[in-house]
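*Asks:* From first to last, the protein sequence lines stand for chains S and W.
Using this note's numbering, the letters of the first sequence map in sequence onto residues 1 to 417.
Using this note's numbering, the letters of the second sequence map in sequence onto residues 1 to 417.
Because the hints were derived from the structure by calculation, they are not lab data.
Incorrect hints may have been included.
[As the list claims (entries may be wrong)] Example chain S residues on the side facing chain W (calculated, C-beta under 8 Å, incomplete):
1) 2
2) 20
3) 103
4) 322
Just so it is clear, the structure is predicted and the values come from calculations on it, not from any experiment.
From the three backbone atoms N, C-alpha and C, an ideal C-beta is built for every residue, glycine too.
Protein chains: 2
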Amino acid sequence: MLDLETILDSRLQTGTKGVPPSGDGLRLRDVGAQGWNLLDGSIPMPAAVLRSHALQQNLSAFQTYIDRAGVKLAPHGKTSMCPQLFDRQLRAGAWGMTVATYAQACTALRYGVTTLLIANELVGEAEIRALSEVTSARILSLVDSVAGVERMERFLYGVKPIEVLVELGIDQGRTGARGAEAALAVARRVAASDKLSLAGIEGYEGLIVTGDARADAARVDGFLNDLKRLFETCREESLFTGEPILSAGGSAYFDLVARGLKTEGVTTVLRSGCYLTHDTGFYQRLLDHVGERAALGPAPALSPALEVWAQVVSRPEPGLALINAGRRDLSDDAGLPKVQAWARPGRGAQATSVSGWTFTRMNDQHGYVRIPDDADLAVGDYVSLGISHPCTTFDRWPLLLEVADDHSVIGALKTFF
Amino acid sequence: MLDLETILDSRLQTGTKGVPPSGDGLRLRDVGAQGWNLLDGSIPMPAAVLRSHALQQNLSAFQTYIDRAGVKLAPHGKTSMCPQLFDRQLRAGAWGMTVATYAQACTALRYGVTTLLIANELVGEAEIRALSEVTSARILSLVDSVAGVERMERFLYGVKPIEVLVELGIDQGRTGARGAEAALAVARRVAASDKLSLAGIEGYEGLIVTGDARADAARVDGFLNDLKRLFETCREESLFTGEPILSAGGSAYFDLVARGLKTEGVTTVLRSGCYLTHDTGFYQRLLDHVGERAALGPAPALSPALEVWAQVVSRPEPGLALINAGRRDLSDDAGLPKVQAWARPGRGAQATSVSGWTFTRMNDQHGYVRIPDDADLAVGDYVSLGISHPCTTFDRWPLLLEVADDHSVIGALKTFF
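Chain S on its own, in the form it takes in the complex (with noise of 0.2 Å):
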């Protein structure tokens, strides 16, 4: 569906984690034939790493899901910033990609992106007037008040009319007009335009998580209502061009937003983003109240395809090493990383599972693990990291390797931030 040929002609170059010194100068696209193996020592760590098999089966089992329950997929592009992975997105049956910003929305497009949802107001005179532009694609952003509007208006060369949606806020919340009457004045003020279009109405469910998964689900469902609403009135005062859309997050409660916006002759997209690595984390525990709430059936099976890997480079004292990855390898802002297994690198290396072992703090290139006084953890080995919010790990790698079951390489996936 896209076009990758820039990306796959690329040359890997020394510098970038994760190269090795072979590879310097090896095009993206020959790095699976070179019979690299994760675990031979071959690889530089740190290493960010997708696993093959988890993510195919993270593709297909998130738009089989999606498929089911009858609504539209625009993956959330931000989560991964990977155009190679945007394809595959696409492939599986996505409606479109969203993106966050104008250079994320730059990125999409370069790649060939026809249908794209930029899940933010688009406020820079020099971004709307680029975008004004665009031919290749459908591009629709947000607004939440007049001011926006006017300022979209201003810029405009009047080319096409601009797409937009309405985003309704939540008080107290993030952006978005707060409640429906001021959401409403600015729906009519878009269709009152001639230089923009009302296309649908959108909200952001996903920050409502505050650890108590029944009271979240009461307040995503009102919330949901109360943009189905707002809808409706948008609707019966014939505000949309075209077959309108209705948007929600979907990372976390896709179910509820798949359940809630679903509605006759309306394209509902959810804008979901790391139902695609999932985590070992904050995704997990996320996925585990969908399951529990069964609301459109058992919760689709996703496992976790992105890890780190690093190196032990010093054992220091009982119970303590020194590994190779920190803040700029990994994230923490939906909770530190976990250890999962380690391996002695070498031909032939395997990974065993260990528990009990704990990240417990990182500097911008070390990790702290804590182990247990008599595992048999050396300087050289590796361990492997599971993360929480794959998000804020994409953006600390330009490059990831693809690996097999057997941590074999078959293939690098570079990212845009």
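Position chain W against the provided structure of chain S, taking the given hints into account.
*Replies:* Here is chain W on its own, set in the frame of chain S:
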């Protein structure tokens, strides 16, 4: 000093943050001639900005301080990972460059660094083999265990002896042999190796930051004494090859390190990184303490050179502005950013300092700014953010814009993370 031609000839691409539509395909060396101004509405937000005057002043003030102290500076390149800035650091008088990892070493070597201190244990087979073949530079790295020595020996071809510094650690700290005895055993083992040579002794004091500046300084002095005693023992035992090196961090306590480690017949090397851009948070507080201690006279006059600019995308509630910069653009590991100024973009726009505007929170792509209810801040306006801890802001920006005092864009700087 460095060969920056391939960087200067590389072409900007929209999709990289900070690159305007008109910059697509532009060679990096031509950025300064475009007449861009950060505040005129032509630069997509968010954008990372280096204030040229502050940068030049920091380079000069810090090197002067180091020269007067009679020690050497190998700036930690991991802070910026920007060869264009490495070049300025070397031209200002730096003795060499420091990096933290194999990948960072590759970047430094690619652009021509000839004295490179890898301030970390090198334990990877591929990395040790590759670096042992480098003939274009003097490379020094660390070792903190006999196991580490034996690992290096195992993977060295024996092309030339690898120069290592033995790292002394701190109890309950990070890497580094625990105690003089353990460190001395490693040093003796290195000296006895035919594949390694003992170039010096090293430690890192920068993690000793508790908030009690006086107690911290006393602990740092104590650690520096331990380092020096270990060094003297090794010298008495004639374990060193050539003029020995005595090295410590020097970002947080450069005054104490310079005073404590300066020794006759010794190359004392500080690896300060953050002086380059300084900050408005963590390092500003540490610099205040340097001034109060006056251990080597007044503190160098450093001022914050790194800023992130972002645009208001929503004003959904009184007193709240949402901006389009978040975790992907800013770090919070040493404190949240500070709102410093605002501007209404347009030709001839000026920035106005503010106080009492508070950056309170961020998501991946959004920041929350609390402002007085009567603040004249509208959708589309810009705010500038001072940062705390430059390292974890640099790594979120593949490209930074260098600006003059009037915010005209005089160049662009590429990073390699």
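*Asks:* Does each hint hold? Answer for all of them.
*Replies:* Results for each hint:
no.: 1; hint: 2; verdict: violated, 14 Å
no.: 2; hint: 20; verdict: holds, 5 Å
no.: 3; hint: 103; verdict: holds, 5 Å
no.: 4; hint: 322; verdict: holds, 5 Å
Hint 1 from the earlier list is the only one contradicted by this structure; the remaining hints agree with it.
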